[in-house]
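Knowing the structure of chain G, use the given hints to seat chains D, C, A, B and W on it.
Number of protein chains: 6
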Amino acid sequence: MDDTARRDDDPVIALALPAAPLSDAMAAYFAKCDEKLGFVPNVLRAYAFDMAKLEAFVAVYNDLMLAASGLTKLEREMIAVAVSSHNRCYYCLVAHGAAVRALSGDPVLGEQMVTNYRAARLSPRQRAMLDFAVKLTESPWTVADEDRAGLRAVGFSDRDIWDIAAVAAFFNMTNRLASATDMRPNPEYHAQAR
Amino acid sequence: MDDTARRDDDPVIALALPAAPLSDAMAAYFAKCDEKLGFVPNVLRAYAFDMAKLEAFVAVYNDLMLAASGLTKLEREMIAVAVSSHNRCYYCLVAHGAAVRALSGDPVLGEQMVTNYRAARLSPRQRAMLDFAVKLTESPWTVADEDRAGLRAVGFSDRDIWDIAAVAAFFNMTNRLASATDMRPNPEYHAQAR
Amino acid sequence: MDDTARRDDDPVIALALPAAPLSDAMAAYFAKCDEKLGFVPNVLRAYAFDMAKLEAFVAVYNDLMLAASGLTKLEREMIAVAVSSHNRCYYCLVAHGAAVRALSGDPVLGEQMVTNYRAARLSPRQRAMLDFAVKLTESPWTVADEDRAGLRAVGFSDRDIWDIAAVAAFFNMTNRLASATDMRPNPEYHAQAR
Amino acid sequence: MDDTARRDDDPVIALALPAAPLSDAMAAYFAKCDEKLGFVPNVLRAYAFDMAKLEAFVAVYNDLMLAASGLTKLEREMIAVAVSSHNRCYYCLVAHGAAVRALSGDPVLGEQMVTNYRAARLSPRQRAMLDFAVKLTESPWTVADEDRAGLRAVGFSDRDIWDIAAVAAFFNMTNRLASATDMRPNPEYHAQAR
Amino acid sequence: MDDTARRDDDPVIALALPAAPLSDAMAAYFAKCDEKLGFVPNVLRAYAFDMAKLEAFVAVYNDLMLAASGLTKLEREMIAVAVSSHNRCYYCLVAHGAAVRALSGDPVLGEQMVTNYRAARLSPRQRAMLDFAVKLTESPWTVADEDRAGLRAVGFSDRDIWDIAAVAAFFNMTNRLASATDMRPNPEYHAQAR
Amino acid sequence: MDDTARRDDDPVIALALPAAPLSDAMAAYFAKCDEKLGFVPNVLRAYAFDMAKLEAFVAVYNDLMLAASGLTKLEREMIAVAVSSHNRCYYCLVAHGAAVRALSGDPVLGEQMVTNYRAARLSPRQRAMLDFAVKLTESPWTVADEDRAGLRAVGFSDRDIWDIAAVAAFFNMTNRLASATDMRPNPEYHAQAR
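Chains as they are written, first to last, in my numbering: chain G, 300 to 493; chain D, 300 to 493; chain C, 300 to 493; chain A, 300 to 493; chain B, 300 to 493; chain W, 300 to 493.
Isolated chain G (complex conformation):
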């Protein structure tokens, strides 16, 4: 099957953007990734042609996915994957599908988020969260007071609604940056937490 196999020497993205020297902060951050994950996620290497862009991206990402929130880290990753599935983003589905599997300890849940979140047996709260995220992805111009009221009705606070929206919106950005640049996921993700 030589002709369909992924070539290991594919560059991270399909644009020729030479890496800049890492700033101290970013060198430390890359080292920490390497230590914790065993590799530096390719999205970071993609941004590494420009330290200002890389640092701003990392700040937004870490605040969004790791800072305190009424949403668990797993829930934020579930939104990430459901949105990425709508947008059919190879990079994000591989990288964040692995995160859902790892955080939940449930490989089936990861595969459901990747293929069709509606197939998962979710609580009404989590189902409403993903329905909102995917509606916001598919037709943002139709989101209305009723949609926000629906989230409040299953127990989300206004701050939670911001966080759901912010995560969904963010992956609508990164999905498109990954697709525009043909970003390739690190091979390590594929077998994680299966």
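Simulated from the structure, these hints should not be mistaken for laboratory data.
Some hints could be false.
Intra- or inter-copy, both count: the list cannot distinguish identical chains.
Unchecked claim - Straight-line alpha carbon distances no greater than 20 Å define the calculated DMTMM-like cross-link-like pairs of lysine to aspartate or glutamate that follow:
no. : residue 1 : residue 2
1   : K331      : D405
2   : K434      : E445
3   : K434      : D481
4   : K372      : D459
5   : K372      : D349
6   : K372      : E445
The following block gives chains D, C, A, B and W in isolation, referenced to the frame of chain G:
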């Protein structure tokens, strides 16, 4: 994560259809599945409420996916998964995603077919094959002579074109039967050939 | 109007697939078609390049459309045409539109199924049946428990739901095979039961 | 099949709009319709609640479909039906499908326009005409200089392009008025020119 | 910014259709436009290659937008703009966006109709009116009794429903004629009533 | 027209998120906005419930829209508006439509970007830039090597392609955050640079 975990006692489909006694042919076929795969695929158990329907389904399926063809078995599974991805069919993506991984020995290829076949590094022949299958899935009314000519231009015979169309068309059927009945894949598929 | 007229010498499909010798069973079946209908439906002639494929198709088709079911034969044909209308399948609309007219004795009903089933004055039961079939055709990934509950609420059994789904799914297959091969309907259908 | 049969006493539209007294011009026009067709088309009866609206509609319609043009009357009806098929307009498909059959003497052509104009064997000129009309119907915001150039390349003059656009645009209006009011076609159309 | 600036010498439409001599009625009408607006709207100049077409268009337009109706003139313009926004029609959004601003004295309302009518703070009556108009624009084949009932529930009469439908349908026509011909709006509209 | 007028006391967003005390950096930034623009853009006030989120957003935004790039600031704003038009985002169309008018000195160009960028007379370079941005917005999963090659063919460098993609991707994020929260634009934008 209790509330999102798949419940192991989910029935195969969401319709109450009591199994009929297996015919001799089907009992032998189920035994063969068990021996070769270690389980009977749930799609077969779903049809087992009626022997005439089960036998007809098995006959079509085996002819389509296993009989002699200008398409390899892997190529037929690639079509199955690319079509099922367009239709976001949880059952078929899990079951046939595993088949792509197993037949190719390439877990990455399986994941690419599931998420977005356009992300795979395919030969022009295989890319044209999947483009045709997905166009036929998405807007069959627009398929025209040019599309068939495009397949011939990369080396497919008219018989091959029939086979591409027949596999793509078949999974447009099974995707919908699985979605209509909320068919659940056998848990064994998830970890296969990762 | 020479340049728009259908050419009578159009082949059944746009692929060159020489007919195989008919098996005894298929020779008998073709003879029966000829006797009952006055012609052999072109979809059968399309499959006649391979007896295994033809026999499997006939088995599935006859079980689905003619075997015992909680759906009348007319209702199964109505589903066939509503689905084919969504998929804009010329072959199936001509052949099965004629069947709706013939089985109902109501040419108007046939034309409504072909153009827009929502224009027909249907019972709530039949309207729910076609709404389900068309939703399953258009966006199978969104079909959910509520949709099945809606069918039960108008009196369908779980077995009926399978049959609605199976007919709708089947025509999503044949519509695509017909479109992929540019299958031409027998001219006899056009004037039937008008 | 009582519950699906069209009720003969359905009103012309689903809005209660009492007919106004016909002006002399409209009385003469209705009489002429009756004499030529054997009935007054329901679209005219729908407008007959207000003579100013009826007269303006008749003026636009007759100029568009009957006045001198580089397009034949049949070609204008073909555009009408292809557009109405995209919009799934029951009224217009029945009424203008009959017109295509009558003007062409070719019932097959009528059925092709109703189901999927791409299935017809058309000259490149007529195919380009319908492709333009349907693109203008489906996504008018994408029509560009290339589309107009494509029409000129198959021999259409700028005046012809106006006429193609004007007929396609007009049926985008009447399709919507018919759908908004649930307009019912005169039963006489169904069997005409089959 | 030379390369993006609109060229002032752009013709009214992208088709070469020499103006016909104005009829007396149309000469008077153009003079009245000039006097009241300071210019002749380009849509009228576009039709001026043929007096029969121009006169019929003017009759329909003036009856629809200016004659007595249960809808205010502003409401009819709001429908015009919401429909034109769905169809992304540059000409109609510029010309009728200005009309909404002028008739309402509310530039914000004009901009909301142009960008997304759902962002406006509308009465339930006006919101239902625009929801109906846009649904009729987007998927006319799905409009049903429930939609008409919804309009009646917020106080619209059957005659009002006709008028909502007729205005929405009309702009589905003119949007497409403008797009097909690349019609350019008079520059005067841009700054009006800001 | 009281019932359609925008209420001046609408809150910035439809979520109750009390403002946090401004950090020194953000206090200085808000003061600078006030001085330069006469107001603080509401998107900044929306984020002001959390300084970490506000600072990260400002860092990304300023780098993207103001830092050195092969794209002019106007071109970046044109992408912002064309993307926001596809997503029908009221907030972004008002705020960035004003920016296009101000930076270009061309109110017509601003209105074209808001309504339909295809109506603008653009250089092939700028047209390709916007076509890519809108394709990436509409169907990111279909972006391929050909699309990147098309940008290179009109003179864009790989770094320019990143910047086009990054701006388009970013507004796919902010459009959704604005829609999810019903963000209201500052009233000052409406009349700017008309």
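Evaluated hints:
no., hint, verdict
1, K331 with D405, "neither (26 Å within a copy, 30 Å between copies)"
2, K434 with E445, "both (12 Å within a copy, 18 Å between copies)"
3, K434 with D481, "between (25 Å within a copy, 15 Å between copies)"
4, K372 with D459, "within (13 Å within a copy, 34 Å between copies)"
5, K372 with D349, "between (28 Å within a copy, 19 Å between copies)"
6, K372 with E445, "neither (26 Å within a copy, 30 Å between copies)"
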